[in-house]
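Keeping their order, the protein sequence lines are chains A and B. Each step along the first sequence adds one to the number in the numbering used here, with nothing skipped, and position 198 is 198. Each step along the second sequence adds one to the number in the numbering used here, with nothing skipped, and position 326 is 326.
For the record, the hints were derived by calculation from the structure and aren't laboratory data. Predicted, not measured: the structure shown is a model, and the values here were computed from it. Fair warning: there could be bad hints in the mix.
Below 25 Å or equal to it, Euclidean Cα-Cα: the simulated DMTMM-like pairs (lysine to aspartate or glutamate) are [unchecked claim]:
1. K90(A) x D78(B)
2. K24(B) x E49(A)
3. K217(A) x D253(B)
4. K29(B) x E57(A)
5. K175(A) x E92(B)
6. K218(A) x D293(B)
7. K214(A) x D258(B)
8. K254(B) x D242(B)
9. K29(B) x E216(A)
10. K232(B) x D253(B)
11. K232(B) x D75(B)
12. K90(A) x D110(B)
13. K78(A) x D78(B)
14. K51(A) x E25(B)
15. K131(B) x E296(B)
16. K90(A) x E25(B)
17. K276(B) x E347(B)
18. K303(B) x E236(B)
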Amino acid sequence: MKKESNVIMVILFIFLISASFFLYDLSISHLYVYILLILLLLGIFFVLEIKRIKQLECLYPFVFLLSLIYPLFKCYFKVPYFFCHSCPRKCSFGILRPYSIPAFVTMNLNNRHWCFNYCPFGKLQDEQSKLCRKRLRVPRFFLVLPIIILIFITLFYFLIKKESINDFFFQYSYKTSTVVAVISLIIFLLAFIIPRIFCNYLCPVGLIGKITMKLEKKWLN
Amino acid sequence: MAKLGKTVVERHVERILNKRMTRKEFIKKAIIAGCGVALAVNALDSMILNRFKITDFSFRNDAPRQLWKWSREADYYDSFGNDVHCKLCPHECVLGNNDRGFCRTRVNKDGKLYTIAYGNPCAINIDPIEKKPLFHFLPTTRILSIATAGCNLRCLNCQNWDISQERPEDTRNYDAMPDSVVQEAITQGIPSIAYTYSEPNVWYEYMIDTAKIAKQNGIRNVWVTAGYINQKPLVELCKYVDAGNIDLKAFSDKTYHDLCAGTLKPVLETLRTAVKEGMWVEVTNLVVPNHSDNLEEIREMAKWHKKNLGPDVPLHFSRFHSAYKLTLVSPTPLRTLEEARRIAMDEGLNYVYIGNVPGSEGDNTICPKCSEIVIRREGYSVDFMNFENGKCKKCGNQIAGVWQ
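With the hints as constraints, model all of the structure from the sequences given.
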């Protein structure tokens, strides 16, 4: 029964991801962006554990999915998520990035709350890994990958305005990158046998969350 | 039993306060709360109070299905596959296929940018030139004024909103290609053509093509604008335009953003460039109560005007009358306008006028040397002119302007 509910969850996520491709106008509508902003602020409030609304918290992965998944479908840059500050035509992720990333990091200050409870990518990977008992061991040196990605983001945040770098990463068209699509599919498939592959080996928010969680435990104990 | 007597709120507070929390946990939660408050304030400021525009200004999927005959490929844009990046004004809209720009007159069709405001003016009138207002350029002459629909600003107080805030398809238009406009001016014996009423920058191609033909035929060109245009198209336009009345709606970015959905810097650049390129420029500032009537700001504006444009470039302070979305704001008090005029003249500007106030002393041109009235005006009409060959009859001082 539990496995069936996992299957249903994964299918639901796949359906929502497919539907997201056609929902650009909704994703940049005022209402949706303001809803996400309010949910981010409420999320920080819930993390303080003064008052929690579990029914609302369950909806977080589904509501945020559209905003977080869209850059994988269409982006002006060859590497999505990173260059929103230079983008001529922002999506909802680009619009909210100055608020959402700090909010995710803030929520992670308490037991990586965003990663384990609200993040749609984390939620999907959890459901996927429950479906398959097989596990693939990943060599430890791959743990360096998120550190390299974080350095890459920080460096290129300032360098992107340089024409040569802009020319290299800018696609000059708001379109789907084949490379991004293939890599996303590979990550999706590997998530069945490598738990939280995106969170542990790619996501910079996950990396910062891991570090803050280790520091939090050390400091509190 | 005592506990049952407590209210819900009291029980909650007790539960929170009684909750055991170590100092470190408290510090951790205080940091989280602090970050949350900082984020909330930042988001409130930029996304709500400053009317953060979520979309990049354009009207998605709003292009007409087929282009009509009053279209032409636009100048000043870059193409990226099927997307275009308009370079005409500082908004620099990025448009996908079938999107319409912020100005409502430019559309993307299959990776090419077209203007759909070409040869279809919705207003054609013959006005006195003083109406523009231009007080130092061919006074007492008539001017043929044309406009199409569209504008690249969203002024709350727009008095021509019924054409500026409309799409060209939604207004009743004439069929008047550039050569026929010039021919009309020649037939009627009118020495100049004004591109006015709405915002001529958004029908740039129509304006510049008409201006080129007009110049070839000895007809002068007058540009009445808010000045929200990029430098490259402006420099090209300056080759054909003889005079301009450019609005300087405020002297702060915040007021420009709140009142007009624009920014200040491009307008200042436009003013500087227009004067540098030899255009006869007169500046208009509409003084809107509670929006742009700060006298300190007006003083800063006058100082900037003298330093960057020169004391001989006329400045008009116009009285606001309620219009469009500011119907509940009362007209500008006459005292404010007179004070603004006094401040500007104290800062060294030679020609400062008060507009939209019939019978005001501020309508008259006064010789900056001997203070003699050189041109007396009543509204848009000139009562008498007391100078000869552009010089004051009394003291012989040269009065700045284009008199012939």
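Evaluation of the provided hints:
1. A threshold of 25 Å between alpha carbons decides the hint, and for K90(A) with D78(B) the separation of about 18 Å falls inside it, so the pair holds.
2. For the hint pairing K24(B) with E49(A), the CA-to-CA distance comes to about 15 Å; that is within 25 Å, so the pair holds.
3. Using a Cα cut-off of 25 Å, the hinted pair K217(A) and D253(B) is violated, with the two alpha carbons roughly 48 Å apart.
4. Taking the CA atoms of K29(B) and E57(A), the gap is near 19 Å; set against the 25 Å cutoff, the hint holds.
5. The suggested pairing of K175(A) with E92(B) holds, with an alpha-carbon distance near 20 Å, which does not exceed 25 Å.
6. With a CA separation close to 59 Å, the supplied pair K218(A) and D293(B) exceeds the 25 Å bound.
7. The suggested pairing of K214(A) with D258(B) is violated, with an alpha-carbon distance near 47 Å, which exceeds 25 Å.
8. As the CA atoms of K254(B) and D242(B) are separated by approximately 32 Å, the hinted pair breaks the 25 Å bound.
9. Simply put, K29(B) and E216(A) have alpha-carbon atoms about 12 Å apart, close enough for the 25 Å limit, and the pair holds.
10. Among the hinted pairs, K232(B) with D253(B) is consistent with the structure: their alpha-carbon atoms are about 22 Å apart, no more than 25 Å.
11. Simply put, K232(B) and D75(B) have alpha-carbon atoms about 11 Å apart, close enough for the 25 Å limit, and the pair holds.
12. As the CA atoms of K90(A) and D110(B) are separated by approximately 21 Å, the hinted pair is consistent with the 25 Å bound.
13. Proposed proximity of K78(A) and D78(B) is supported: the alpha carbons are some 20 Å apart, at most 25 Å.
14. Proximity of K51(A) to E25(B) is assessed by CA-CA distance (about 17 Å); at most 25 Å being required, the pair is judged to hold.
15. As the CA atoms of K131(B) and E296(B) are separated by approximately 28 Å, the hinted pair breaks the 25 Å bound.
16. Restraint check for K90(A) and E25(B): the C-alpha separation of about 38 Å exceeds 25 Å, so the hint is violated.
17. Only pairs whose Cα atoms come within 25 Å are accepted, and K276(B) paired with E347(B) is accepted, the gap being roughly 21 Å.
18. With a CA separation close to 28 Å, the supplied pair K303(B) and E236(B) exceeds the 25 Å bound.
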